[in-house]
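Student: As a plain string of letters, each chain reads:
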Amino acid sequence: MSAPLVLESAEALAAAVAKGERSAADVTRAFLAQADRTAPILGTYLHRLAESALRDAEAIDRRRAKGETLGALAGVPVALKDNICVRGVPTTCGSKILEGYRPPYDAHVVERLRAADAVIVGKTNCDEFAMGSSTENSAYQVTKNPWNLECVPGGSSGGSAATVAACEVPLSLGSDTGGSVRQPAAFCGVYGLKPTYGAVSRYGLVAFASSLDQIGPFARSARDTALIHSALCGRDARDMTSRADARPIALDGLEKDLTGFRLGVPRAILDEAGAGLAPSIRAAFEAAISAFERAGATIVDVALPHARYAIATYYLVAPAEASSNLARYDGVRYGARRSEGDLRGMYEATRGAGFGREVKRRILLGTYALSAGYYDAYYLRAQKVRTLIRKDFLDALEVSDTLLLPITPTPAFKIAEKTDDPLAMYLSDIFSIPASLAGVPALSFPASFDASGLPIGLQLVGRPFDEATMLRVARAYEREHDAASRAPAIATAGGGGAR
Amino acid sequence: MNRPAMSATDEMRAKYEPVIGLEVHAQLKTKTKIFCPCATTFGASPNTQVCPVCLGLPGVLPVLNERAVEFAVMTGLAVGATIHPRSIFARKNYFYPDLPKGYQISQYDRPLCEGGGVDIYSDGEKKRIGLVRIHLEEDAGKSLHPEGKEGVSTTRVDLNRAGVPLIEIVSEPDIRSGAEAYAYLTKLKQIVVYLDVCDGNMEEGSLRCDANVSVRPRGQEKFGTKTEIKNLNSFRYVEKAIAYEIDRQIALIESGGRVVQETLLWDSARNVAETMRSKEEAHDYRYFPEPDLLPVDLEDHWVEGLRETLPELPDALRERLVREQGIPEYDAEVLTETRSLAAYYEEVATRSGQPKLASNWIMTEVNAVRNKTGDTIDSFPIRADRLGDLVGMVASGRVSGKIAKQLFELMLASPDGPEALVQKHGLLPIEDDAALRALALEVLAANPGPTAEFRAGKEKTFAFLVGQAMKQSRGRAHPEKLQAALRAVLGEAAS
Amino acid sequence: MPIDVSVVRKIAALARLRIEPSEEERYARELDGILGFVEQLQALDVSGIEPTSQVTAGERPALRPDEVCASDVRDEALAGAPERDGDYFKVPQVV
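Chains as they are written, first to last, in the working numbering: chain A, 1 to 499; chain B, 500 to 994; chain C, 995 to 1089.
Don't take each hint at face value.
As the list claims (entries may be wrong) - Simulated crosslink set (DSBU-like; lysine-lysine; CA at most 30 Å straight-line): (1) B:LYS530 - B:LYS626; (2) B:LYS923 - A:LYS96; (3) C:LYS1084 - B:LYS591; (4) B:LYS725 - C:LYS1004; (5) B:LYS855 - B:LYS980; (6) A:LYS384 - C:LYS1004; (7) B:LYS514 - B:LYS591; (8) C:LYS1004 - B:LYS591; (9) B:LYS980 - B:LYS970; (10) C:LYS1084 - B:LYS729; (11) C:LYS1004 - B:LYS729; (12) C:LYS1084 - A:LYS391; (13) B:LYS904 - B:LYS980; (14) B:LYS871 - C:LYS1084; (15) B:LYS625 - B:LYS641; (16) A:LYS96 - B:LYS641; (17) B:LYS686 - B:LYS530; (18) C:LYS1004 - B:LYS625; (19) B:LYS959 - B:LYS528; (20) B:LYS725 - B:LYS641; (21) B:LYS923 - B:LYS904; (22) A:LYS384 - B:LYS591; (23) C:LYS1084 - A:LYS96; (24) B:LYS970 - B:LYS626; (25) B:LYS923 - B:LYS980; (26) B:LYS721 - B:LYS686; (27) B:LYS957 - B:LYS970; (28) C:LYS1084 - B:LYS530; (29) C:LYS1004 - C:LYS1084; (30) B:LYS729 - B:LYS641; (31) B:LYS591 - B:LYS528.
Think of the hints as simulated: they come from the structure by calculation, not from any bench.
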């Protein structure tokens, strides 16, 4: 019996569709069937687009029949986090305040995906306005980890991570502000890339913290990650912070070995997590260092002396920007309104009822940090510390080519285990946040599994706009390990469609 | 809330020095909004010039309009401000239905331009009004509050104006009276219109002004408590409102009261300033650098390139006209009201070779017609070259002043030049000796009484006879030659 | 400054956010905890350090040419409004 279609790589599927060996419609139908079976169990989607996906796939097949050359993602189903706008399709950001909202425009990445002939199959669940680490802050539903249904998939892009892990799609997009792609990727045993800030246009990504937000892909292999990143990156005139320096990655380059490569290891950062660092993570980290060394890399000790201040910095900068970004949800032009007396009553009722606890907490925190009398002590100081953190990374990446860090202190935790204490939840972001503040690219890759069978991910951090090197390192690891190629039982239980 | 009408006496006024600073918002004449490519046409149907960006939809980002930066820098250069090589946009956070994002993108601690100033005349003396800063920002939309039925109270929002580029020009507190404020605004408007960066139209809101007013006992250095007056929709209202507020503050202090820092709204129908309903909380705009826009970094050569393209500004132009054309300062002031008027004048003066006569014709005849019709000089029906020809004909005696005025009237309605009209309407001057002699004989014959009186030595009657002859010729007779002919004929008959 | 209920009320008003009275105490406690945590930044010497508000600052961005590009979103946008009055968005009276 051959491997099920849904386990195949995006690269292979796109090639088959482009050559006419498979139809885009067949590929789409297979993944839709997989999601029909698993998505209700996992709670991955807030909105599925089965009909339009099939229509789009058939249109791609017709274009091929007419002799047109198809794009790099020909017929590949892709899911989008529900904070990425698709014209006419509900976009809630996991929030009640956007219930019923349908954007009248497409995000830049949606245009790019369509231009590459990908097929958009739905909007995935996430923490409300991307604020959270477990997807439990969604106002609509809880998403489960495909490896263990009692565990969270991570967050905030938990739906997008889980849907790729469960082979409901080969590829998906999330957004990463402080780790929201990388952390759920690690929890779900898939790749998650946070591109360099400015590599992918944010046009059409509902803002959480503008100076940190980046759209990033989930995939099940290093090559597939490179494939979709290449389709999305580059300058967009509608985002002034987007940059032309971001270039597509040549897949063949990923196959180069690691001879002469310098892997920077900021070992001191492990101590920052203190007792919170699971032995399984530490073990995987040490094992990976040895593996890279065996593969020909030189290990370089580096320091990120200010990384320990990253969480404090982040929880001033991100809420401050968020408090302003979320001011537009005022019940005037879109979304759900609650009327109570005069205009002010309408504002307060609409926002009070529309936002969940975590979002309110961050709006309050950010409003406070920006308010008169506190700006210098909080926001401005945090921005200065941010300068120091960025410099740490750029310095470390002078003496090494890529850094290796953990991404999470533990594997996936249980649903409802951590929601009570916000500060404890924030502290678990210690490994993901520094790269976010520095604006450098970072990749979470599947490294191994713990004793209970939960995936463990590790993180590579690269130089600005050098996503290619990180992916090459991850690919070298992937060649020697099977962590990336394993699929959870739920993904294969249904047979997954004929090959 | 009504406040008691208070007025100060001249005696009271003498004891205080008013201190006034103005904040002027000028709408830049760009084709598109400051952060999105929507049109900025005034008066479009509600919510037709909108897009995801200016509607503040989730997920959109601002992209800075290059022309808006150019226009703001040009204004800064024109008033001698320092143009900062780096300026930063900031978010000003507050809630209002016509502010779609819940914040206005403006500039805060790093504005585009700082310093500079403009010169005005106050009581005939030249005076410099310093500028604090000029910064770029976006306009808000419009909230309309229709007079509803009792109990029905809603606001309607039109976002066409949301995102239209503005510059805010903040003056130093150098202004001392309503009249100076008026002069300052007039000058500022003249500058932005000369630069062609703003149309200067106050009715359409292209120029808006808020005034900060305080008074202090003469000789005191410390400023008094200031109030801010908003809703000043014309330069005259600004002048009136400031005069009103100065008097109110003086009378209040004189009666033992204290000025409270507050915002007032000018009611132009009733000529009073009233307290705006006070806000429930003090403003806390929570400014921070706009992360969606990068700092505006200007290269020296770009700024210098712009400086070279600046048109001649009103002060320089006025001085040049005085110097080159030799006309009085007053004439130059009137003729430089706009760039096109000055250009019109220069053409008339050059063509006719008569700078002062050209100025007279424009200041009296041309401006009288324009005042009546509301024409700008660009829409004025007589071309400058034609008026130049006419002035030249007057100067050379080709036509009399009277004929010239007739020609001017004809030219208003005709595309023809003065020479063609002279031919067409038979307005050629009568210069021929025989014709003039015939005319003289005819007039004397028709006026036997006055003729006899003249001959009896009543010299005064001569003017009457000249007038009659001129009338008879419909003004065409050459004045000097006509007089000579009359005297000749009168002399002949007597001898 | 410790965060108490009165501070929570003040910033909630500034953010136009209704907080139920029963929740005020909890928000105060949580914010106080987070702000206590971020106090560690005060220990760092940041004198002479430029703030980073954007990591790509300093890159000269391409500005937008002043050319009109009409959008077609108006009808969809108005149709999505919670309340409209003809071609206007409608809200309760401002005052």
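Student: Now tell me, hint by hint, if it's right for this structure.
Tutor: The hints, checked one at a time:
1. At roughly 35 Å between alpha-carbon atoms, LYS530 (chain B) and LYS626 (chain B) are farther apart than 30 Å, so this suggested pair is violated.
2. A distance of roughly 82 Å separates the Cα atoms of LYS923 (chain B) and LYS96 (chain A); the hinted pair therefore is violated under the 30 Å criterion.
3. Restraint check: the Cα-Cα separation between LYS1084 (chain C) and LYS591 (chain B) comes to about 24 Å, which is no more than 30 Å; the hinted pair holds.
4. With a CA separation close to 27 Å, the supplied pair LYS725 (chain B) and LYS1004 (chain C) stays within the 30 Å bound.
5. Simply put, LYS855 (chain B) and LYS980 (chain B) have alpha-carbon atoms about 26 Å apart, close enough for the 30 Å limit, and the pair holds.
6. Taking the CA atoms of LYS384 (chain A) and LYS1004 (chain C), the gap is about 27 Å. The hint holds against a cut of 30 Å.
7. Between LYS514 (chain B) and LYS591 (chain B) the CA atoms are separated by roughly 40 Å; this puts the pair beyond 30 Å, and the hint is violated.
8. For the suggested pair LYS1004 (chain C) and LYS591 (chain B), the alpha carbons sit about 18 Å apart, so the restraint of at most 30 Å is met.
9. Between LYS980 (chain B) and LYS970 (chain B) the CA atoms are separated by roughly 15 Å; this keeps the pair inside 30 Å, and the hint holds.
10. A threshold of 30 Å between alpha carbons decides the hint, and for LYS1084 (chain C) with LYS729 (chain B) the separation of about 25 Å falls inside it, so the pair holds.
11. Proposed proximity of LYS1004 (chain C) and LYS729 (chain B) is supported: the alpha carbons are some 28 Å apart, at most 30 Å.
12. Distance check on the hinted pair: LYS1084 (chain C) and LYS391 (chain A) sit about 49 Å apart at the alpha-carbon level, beyond 30 Å; violated.
13. Under the criterion of a C-alpha separation no larger than 30 Å, the hint pairing LYS904 (chain B) with LYS980 (chain B) is consistent with the structure, at around 21 Å.
14. With a CA separation close to 43 Å, the supplied pair LYS871 (chain B) and LYS1084 (chain C) exceeds the 30 Å bound.
15. Between LYS625 (chain B) and LYS641 (chain B) the alpha-carbon distance is near 39 Å, which puts this suggested pair outside the 30 Å criterion.
16. For the proposed pair LYS96 (chain A) and LYS641 (chain B), the alpha carbon gap of about 28 Å is at most 30 Å, so the pair holds.
17. A hinted pair counts as satisfied when its Cα atoms are at most 30 Å apart, and LYS686 (chain B) with LYS530 (chain B) qualifies at roughly 25 Å.
18. A C-alpha spacing of about 50 Å is found between LYS1004 (chain C) and LYS625 (chain B), which places the hinted pair above 30 Å, so the restraint is violated.
19. A distance of roughly 63 Å separates the Cα atoms of LYS959 (chain B) and LYS528 (chain B); the hinted pair therefore is violated under the 30 Å criterion.
20. Distance check on the hinted pair: LYS725 (chain B) and LYS641 (chain B) sit about 28 Å apart at the alpha-carbon level, within 30 Å; holds.
21. At most 30 Å may separate the alpha-carbon atoms for a hinted pair to count; LYS923 (chain B) and LYS904 (chain B) meet this at roughly 16 Å.
22. A threshold of 30 Å between alpha carbons decides the hint, and for LYS384 (chain A) with LYS591 (chain B) the separation of about 21 Å falls inside it, so the pair holds.
23. Proposed proximity of LYS1084 (chain C) and LYS96 (chain A) is supported: the alpha carbons are some 21 Å apart, at most 30 Å.
24. A hinted pair counts as satisfied when its Cα atoms are at most 30 Å apart, and LYS970 (chain B) with LYS626 (chain B) does not qualify at roughly 53 Å.
25. As the CA atoms of LYS923 (chain B) and LYS980 (chain B) are separated by approximately 24 Å, the hinted pair is consistent with the 30 Å bound.
26. Of the supplied pair hints, the one linking LYS721 (chain B) and LYS686 (chain B) holds, its CA atoms being roughly 28 Å apart against a limit of 30 Å.
27. Between LYS957 (chain B) and LYS970 (chain B) the alpha-carbon distance is near 21 Å, which keeps this suggested pair within the 30 Å criterion.
28. Between LYS1084 (chain C) and LYS530 (chain B) the CA atoms are separated by roughly 28 Å; this keeps the pair inside 30 Å, and the hint holds.
29. As the CA atoms of LYS1004 (chain C) and LYS1084 (chain C) are separated by approximately 28 Å, the hinted pair is consistent with the 30 Å bound.
30. Annotation: proposed proximity of LYS729 (chain B) to LYS641 (chain B) holds, straight-line Cα distance about 16 Å (limit 30 Å).
31. Using a Cα cut-off of 30 Å, the hinted pair LYS591 (chain B) and LYS528 (chain B) holds, with the two alpha carbons roughly 24 Å apart.
The structure is inconsistent with the numbered hints 1, 2, 7, 12, 14, 15, 18, 19 and 24, although it conforms to all the rest.
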